[in-house]
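Protein chains in written order, with the working numbering: chain A, 384 to 825; chain B, 489 to 655.
Derived from the structure by calculation, the hints contain no laboratory data.
You may find that some hints are simply not true.
[To be verified] If you want the ones that stay clear, here's a sample from chain A, every Cβ over 10 angstroms from chain B, calculated:
#, residue
1, E416
2, P731
3, G749
[Claimed, not checked] Within a straight-line C-alpha distance of at most 20 angstroms, the following computed PhoX-like cross-link-like pairs (lysine-lysine) qualify:
#, chain 1, residue 1, chain 2, residue 2
4, A, K690, A, K639
5, B, K520, A, K587
6, B, K599, A, K568
7, A, K431, A, K454
On a predicted model such as this, the values are computed, not experimentally measured, just so you know.
Don't be surprised by glycine CBs; every beta carbon is placed ideally from N, CA and C.
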Amino acid sequence: MSDDVKILTARWGKKDSHTLASYRADGGYAALEKALSMPPAAIVDEVKASNLRGRGGAGFATGMKWTFLPKDVRPRYLCVNADESEPGTFKDRYIIANDPHMLIEGIAIACFALDIHLAYIYIRGEFPRQAAVLEGALAEARAAGIIGKRLYGKADFDLEIHVHRGAGAYICGEESALMESLEGKKGYPRLKPPFPAVVGLWGKPTIINNVETLANVPWIVKNGGAAFAALGTGKSGGTRLFGVSGNVKRPGIYEKPVHYNLKKLIMEDCGGTASGRPIQAVIPGGSSSPVLRGDEIDVSLEFDAIKAAGTMSGSGGVIVMDDSVCMVRVLSRVAKFYAEESCGQCTPCREGTPWMEALCEKIEGGHGVPGDADKLLDMANHIGGFTICALGDAASMPVQSFVKKFKADFERHIAEHRCPHGEAAWGVSQDSRDAVIGGMRS
Amino acid sequence: MPGDWKDLPKDLVARFDTLLAPVLQRYPPDRKEAAMLPALRLGQELFGYASPAVQGLCADRLGTSAARAEEVATFYVMFHTHPNGRHLVEVCTNVSCCLAGAERMVRDLRKRLGLGEGGTTADGRITLREVECLGSCGTAPAILLDEKEMIERVTPEKLAKLVEGLP
Ligand SMILES: Cc1cc2nc3c(=O)[nH]c(=O)nc-3n(C[C@H](O)[C@H](O)[C@H](O)COP(=O)(O)O)c2cc1C
Ligand code: SF4
Ligand code: FES
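Okay, chain B solo, but in the shape it has when bound (with noise of 0.2 angstroms):
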């Protein structure tokens, strides 16, 4: 059946696995259920996004139900139930960033990677998404690029250099 965990390449489930242990010993042993965050966070680092699959194996291995995982999967906006592109670009427009010009800056490189309302460029090189705040206020406005680092003070040409760079 598609999006069965047991179809995902067999050197991966190991790996995921061996990343996994540790995380478990963070909770008390009759309660592995609260890995689920650290578990899909994994799971979709290692396997691209957390696909029915990935939700599957980590219900499996923290012994709850499939269903579970996806109630998990689709509640938190860091989690993907579908690929995005290579690089995932957030930009923040809540209040303090828009002060300091974040949603003229969405607008311009919206139309300078020739995006309308969806998301990725044609390329599947980026993925654009206008975030909620990043706690970044102070120092906006405010990118998190690959859910991994923080760029601050961002202006118009630091931010089209930067997605000027991305592979």
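So that you can see chain A by itself, here it is in the shape it has in the complex (with noise of 0.2 angstroms):
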């Protein structure tokens, strides 16, 4: 299969690609006459033989999870996650800003499948401009009389879609925090069973899927399932878009078959790294998916093959890492960030992400002891696994793979009782380069 069909980029960078004109040039809002033409089930069925998996993060099979609504609960709702705060994660930006309406048709698409009438965009304070370029086609969508009272101007079903932002919280990403959040209330997760599909916003069975993943829902209607299916490999269908960034030459998003390679993808696409040296790090699937060494990156980055390598492809969030960055520097600003972003609410990850972050930064400093960095081991185990949402997982894994693969680095640290890095802890190529979504709308 060729490495270059282009879903989601096709139309990035084209004048005007996020008008609504524009976009029923290119053959726009096709897809969902198709789908209205369809018995809704034939629909879940085309996305189920898709294999398309949650772009989100945990790579869940979309067809499946679209199956648990129970039959005769109503009103369903679908929540759309544009919260994109997994550090690394700079995806579903460009779709908004570049072609805003295939994702609201992917939306109208996905509610008639599903009987949904109202549905959200949850999308990050801190993407203003994104927000703006959404709500701007969803007026034209709206005086275009495809959603609203009647879809499409014609099928008796009403669909509304509203913009909710956000409000700086990363937590707020995680699905039932997202749904607490929307119900404007601070962002706690809830305990999981029962999953949203069941008890979602609002006490009601509710979707929720991320950007990317609704956004490849018009191909699947139009192609076919199959078609879909067959870009990928095993268990997933289709394409991704891979974010790069850190000492690479050519950062930026990249789509891809779900099952490219790892290290393909940055030494030929993205040119390998900015200074020339070699690659030590690569962190394949945002902050918390477990961080490869550079003679690991040999791998398919489809989410079972990279599980079986023992990490994720997660939300295809890639930071590469040359060997002059001090990787102990690198884990204490990861573990900073699950501190800072911890909400609280249990007790392994409200005390346990701290005492990481103040452990790593004690080593870094030089001021570590012998056993220091098992002490920071044992400290991860006793969070993932123990908490009620998976970000007591995403601190810890980074922990463990970081400290399990870079053991010397830790060591050196502590015997030197200095950073051996000093102030260039984050390594030579401290410079800003040209992305290759530098003709983008951002």
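Starting from the two chains in their separate frames, assemble the complex, guided by the hints.
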């Protein structure tokens, strides 16, 4: 299968690609029209056959999630997750800025298939410009009669879609916290089960999907689930947006088949490291995914394949570090993030994340004592799996993997009573390069 | 009593109500409380910051308790329960931005602005904050200005010019 099939990025960078006129000129909303002529259950079957898996982080099969809605409870809601806050992740904002109608079409098809009449797009507060593009596109769709009282101007089906802006809280990307936030409360994750498909927004059955997940739906309806599945491999279909950042020559968004090779992505597409130095480490799927050493990156990014390699492709955010970077410094910063963002509901997470941050900083500053690296591991092992939501695991996995894979670095800090990198802990290639998203609407 | 929303300027309260009305349309009629985030954002824009009085106003209009409004106002980093400087410069210092030089940039900026640990310049012109990932890692380093404008591929020179140009 060709590596060059473009589903999500096909229209990026085109003049006025975000407008309804431009989307229509490229055949937009034909998939919605087709969907309206299908029995709703047949749409769900196509999505199942497509092997579309959630692009928000967990990689859960989308079609299967949709079948979890209880048969007779109404109303049902759809929440679109545009919170995009996992460090290293920066893809959904480009879908929204460059092709908002593709997302709206995907939402409309999903709602028709699932008998949902009210959908919210929860977008992080730090994206005011993207929120405005969405509002504009929704207004266009409303004015054109695509959404509103009669779906696509004819179906006996009403649909309203609204934007709901967050206000700065990573935890609100977690699905149950997102719903709490949408209800006007602080973002405290809920205990699961019950899962949102059964008890969700305002206690009603709710489907929650990532922006990129839903943006694939029009293509699937137009071309059939089998065609989408054929772009991928095994139980994962289609293409994905990989966002590469850090020490690479050409950072940016790359649309590739789901099973694309990580090393190829970094070395060929991104041109390798900017400094020309060897790759020391790669975080393959957002900052919570376990880190890989430079000699471990010859792996498929497909959900199950990369899981077998001990990590995950999570949100598709790839962070590359060359050999000039202090790995203890990086872990300190990652640990600080999770300590900052813990909502504070569960003791292991609330207490454990700042401890891990403090211990990382202590080691980094040269004040560690022998045994501290193991202590760090021990802390991490007592958080992941013992909390209400997966932030506990997200905080633990980097610690466990960094300590295991870069133990020598930690021990050197302890033995030398200093950071061997000193002032240059963040490495040598501290310049800002031209990203390949340069020409797109951002 | 201090912090009572009834002491807020009447004309601004009227404006708040006018702007809040269409926002309320987005939620089911019996779920007004869902508008707490947009209401606090609106109040913050109109009255300067999410003071106890603003929290009280939001609670009153959404039919909920002031305690609930306060809980929300203090949970999210984009709500400010105390006034900031005239401009808010938020620099991302998460991993991808630091790999592109963000930490050093913040250190230099602190020096340039004469900021110690505190966040606001003596003349009240600028509040500087280090923030978590802004979702601009591919175009790092990134800055959010006044919670409105994302500035990407920031260089020390670009940052110095930006900061000097702020009124
Ligand atoms: C701490 C935490 C943060 C998350 N942040 C996001 C996010 O920013 N965006 C997102 O789409 N999913 C995020 N997720 C995953 C969501 O909980 C959920 O699985 C996802 O939105 C489902 O959509 P999908 O099946 O289409 O991927 C996060 C999960 C956790 C535990
Ligand atoms: S694991 Fe952390 S973030 Fe999740 S609910 Fe518990 S305290 Fe909150
Ligand atoms: S790390 Fe700075 S924007 Fe993501």
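Earlier hints that do not hold, by number: Failing hint: just 6.
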